Each structure stands twice: as C-alpha cells, then as structure tokens.
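Please construct the entire structure, taking both the sequences and the accompanying hints into account.
Line order of the protein sequences matches chains A and B.
Residues in the first sequence are numbered from 1 upward in steps of one, following my numbering.
Residues in the second sequence are numbered from 1 upward in steps of one, following my numbering.
Since the hints were made in silico from the structure, they are not lab data.
These numbers come from a predicted model, not from an experiment.
This list has only true hints and no planted wrong ones.
Simulated crosslink set (DSSO-like; lysine-lysine; CA at most 27 Å straight-line):
(1) K203(A) to K337(A)
(2) K202(A) to K38(B)
(3) K341(A) to K315(A)
(4) K202(A) to K313(A)
(5) K315(A) to K38(B)
(6) K337(A) to K40(A)
(7) K190(A) to K315(A)
(8) K337(A) to K202(A)
(9) K206(A) to K38(B)
(10) K38(B) to K203(A)
(11) K203(A) to K315(A)
(12) K202(A) to K341(A)
Some but not every residue of chain B turned toward chain A, in silico, with C-beta under 8 Å:
(13) M9
(14) M14
(15) V16
(16) F18
(17) T20
(18) V25
(19) V27
(20) I28
(21) R29
(22) L31
(23) S32
Which bits of chain A does chain B cover? Going by a derived footprint, with three or more residues having C-beta under 8 Å, they are:
(24) 103 to 115
(25) 202 to 215
(26) 355 to 366
Quick reminder that beta carbons are idealized off the backbone N, C-alpha and C, glycines included.
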Amino acid sequence: MDLFNSALQALAQGFAAVTWQAAVMVGVGCALLFLAVVKKIEPMLLVPIGFGIILGNLPLANLAAQDQGGIINIIYNGGILTELFPCLLFVGLGAMIDFGPMLANPSVLIFGAAGQFGIFLTLLLALALGFPRGSAISIAVIGACDGPTAIYVASKFARDLLPAISIAAYSYMSLVPIIQPPIMRAMTTKKERATLMSYGEKKVSKTVKILFPLVCAVLTILIAPMGAPLMGTLMLGNFLRESGVVSRLVEVSEHTLVNIVTLFLGLSIGASMMGGNFLTWKTILIFILGAVAISLDTVAGVALGKLMRIITKGKINPLLGAAGTSAFPMSARVVQKEGQKANPRSFLLFHAVGANTGGQIGSVMAAAAMLAIMAAIK
Amino acid sequence: MDLNFGLTMTFMGMGVTFVTLLILVGVIRLLSIFFPYKKEHEADKKE
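Printed below as a string of structure tokens:
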C-alpha cells in the first residue's frame with residue numbers, strides 16, 4: 001500500500017508544483033501558438049517560442065532554459081549566451097539581401113542612419129525610467145527593428161531581459177505595417193507623399209556587388225570592432241551570394257541554416273520566459289519603449305526625407321525616410337503602398353528597398369557603435 | 001538619471017553611425033566609378 005501511495009504521490013508531483021505564474025505562462029504560450037497556427041502571424045518564430053514557453057514552464061520537466069543540464073539549457077547556453085545564433089542568422093540574412101538597389105543609388109544609405117535615431121532617444125528614455133546602462137542599451141536596440149541584433153546586444157548586457165526584448169523586437173518587426181503608416185501620413189502632406197521619383201533601375205556592375213560586402217566589412221569593423229561578429233557575418237553571407245561561386249553555401253545559408261537556427265533560437269528563448277521573471281512591470285515597459293523607439297525611427301526618417309526633398313528641390317519623396325529601419329522588407333513595402341495611395345503612378349519600391357537595406361547596415365552599425373562605446377567606457 | 005552616459009552614447013553613437021554611412025556612400029560611388037556597369041557590359045559584348 002505504501003508503494004502504491006508513493007507512486008501516486010510521485011505522479012501527482014507535477015500537478016502539485018504548478019504555480020499561478022507557470023499557469024499564466026502556459027496560457028501565453030498557447031496564445032502565441034493560436035496566433036501562429038490560426039492567424040498565421042510569424043509562425044516560423046511564434047511556433048517554437050510558444051511551444052518553448054509551455055515546455056519551460058511545466059514544473060519538474062527540467063526543460064527551462066535555466067535548468068542546468070537540460071536539453072534546452074544546452075541549446076540556450078551554446079547558442080544564445082555565446083551570441084552564436086544571432087551571428088548565424090546574419091550569415092543567412094546576408095545571403096538573402098540584394099544590396100543592388102542601394103548600390104545603384106547610394107544616397108539612400110543616409111536614410112539608414114536617420115532610421116536609427118529612435119534607438120538613441122529611447123536609450124535616454126530608458127535611462128530616465130531608471131533602467132541600468134546595459135539594460136537601457138538593450139531595450140533601445142529594439143528600435144533597430146532587427147531581431148538578431150537585439151538578441152546579440154541583450155545577451156551581452158541584459159540577459160535577464162532577453163526574453164522580453166527578443167519577443168518585443170520580433171513582434172514590432174511584424175507590426176511595422178501598422179505602426180508606420182499613421183506617422184508617415186501625419187508628418188507629410190498629400191502633395192509630398194505624391195512626389196514622383198525617377199524610376200530607371202540603374203545597373204550595378206558585378207565587381208561592385210562583390211567588392212561591397214568586403215569593403216563594408218573591413219571599414220565598419222575597423223571603425224567599431226565590437227560589432228565585428230554582426231557586420232562580419234552579415235557581409236560574409238552577402239559575399240557568398242554575390243561571389244556566384246558557392247551556390248550550395250548560399251542555398252544552405254538562406255534556407256537550412258536560418259531555419260535550424262530560428263527553431264533553436266525560438267525554442268530556447270521561449271523556454272527562458274519563466275513566469276517569475278517575465279510577468280513584471282519591466283516587461284510592459286520594455287514593450288512600450290520598443291514601440292516608442294520604432295515610432296521615433298519613423299519620425300526621424302520622414303523628417304530627413306522632408307529635408308532631402310527641400311534640398312533636392314522636390315526630387316525625393318519624403319516617405320522613403322520611413323524605409324530607413326531594418327525591418328526588411330516590410331518598411332519598403334509600406335512606403336510603396338503609402339506612395340501609391342497618394343499617387344497611383346508612384347513607384348517607390350526600388351528606392352525604398354535601397355533605403356531598407358541601408359537601414360539593415362545602419363542598425364548593425366548603431367549597435368556596433370554602442371558596443372564599442374560601452375567597451376571604451378568600461 | 002545617467003544623463004552624461006545617455007548623451008555621450010546618443011551623440012557618439014548617432015555620429016559614428018551617420019559618418020560611417022556617409023563614408024560608405026563615398027566608397028560605393030568610388031567603386032561605381034572604377035568598375036562601371038557599362039564597361040563590364042561592353043567587355044561581354046566584345047567576347
């Protein structure tokens with residue numbers, strides 16, 4: 001009878017150990033799975049994260065990212081705490097990006113700088129709200145609209161905030177089509193939005209396309225060596241693509257590698273979202289600051305666009321500035337859509353894609369500059 | 001508030017980002033001058 005009781009107790013242990021925070025987090029995991037499976041919102045990311053949250057919050061399962069020796073703990077330590085996953089994702093991202101439109105019209109690269117302005121203003125806001133330096137930087141980088149960069153910086157400076165920051169960064173990337181248009185319309189007149197830009201797809205030589213990732217990597221790494229892993233891997237991926245001699249590596253980088261890393265990244269980040277450290281006011285503040293950062297990026301980008309419209313005597317459509325974030329290619333699509341709403345003859349996509357890839361470089365550069373300055377201050 | 005840190009990071013960070021991208025614009029223009037598309041196209045035709 002004692003043996004029966006012991007067995008019964010052992011089997012009931014899991015149920016007895018459930019806390020209300022864990023139950024809420026399992027609910028959050030199910031909600032993410034619902035959004036991914038039923039609403040088809042970012043399923044590649046939300047499915048592993050949602051499932052990871054459920055696995056990580058089930059008591060005694062030893063599947064939380066923090067449970068030493070558990071399988072997810074091994075993935076988390078090896079891929080996230082070492083900053084390996086963001087860099088591997090960047091190889092794939094580099095292999096996917098065509099810098100051609102930006103190389104054909106390099107002036108749009110400047111929008112990639114304006115698109116990072118929100119990061120720095122949000123940093124000031126986060127500091128004002130009492131976040132320590134490392135946390136403030138990590139939260140501000142959500143404004144880069146760039147998941148891997150946000151994870152890379154947070155894993156260096158604010159590991160406790162990593163789950164909230166990564167979820168916010170990826171959520172806002174997909175919310176760009178909702179966040180940006182009202183700001184773009186509020187900051188511009190219909191006449192400005194209707195500005196036609198010359199559409200003639202300039203051709204760029206293959207040599208320039210091959211040399212650009214190499215030159216860009218060397219130059220930016222010399223300026224901000226702390227960002228070398230990010231810029232180095234992004235440009236490595238692009239060099240593989242443009243070199244034209246390693247199609248198998250390009251194929252693996254942009255599909256298999258990205259898919260595998262996304263699965264492990266999502267699963268381990270989900271499993272690190274424990275009720276105790278996720279259901280806090282800090283998480284809500286992080287989400288609010290992330291939205292502020294992306295909104296400010298858009299404001300600064302469009303403001304620069306308006307300035308460039310004046311300087312070029314009406315040749316630049318100010319909406320292009322909104323594509324200076326690194327939410328690629330969402331921002332470019334938003335610009336194209338808003339431009340065509342104001343003027344059906346308008347075709348901004350080519351220029352917007354150029355500004356958008358500039359934003360990709362700009363966000364990595366902004367993060368690299370912050371890392372370099374942090375290292376210098378320490 | 002850590003205002004000194006915030007302002008240093010903002011001015012330096014934004015400055016470095018902006019200047020780097022400006023340099024890149026120059027580099028791309030130089031690369032396009034040294035390796036223009038037309039030349040490459042003509043070379044292909046000659047072959």
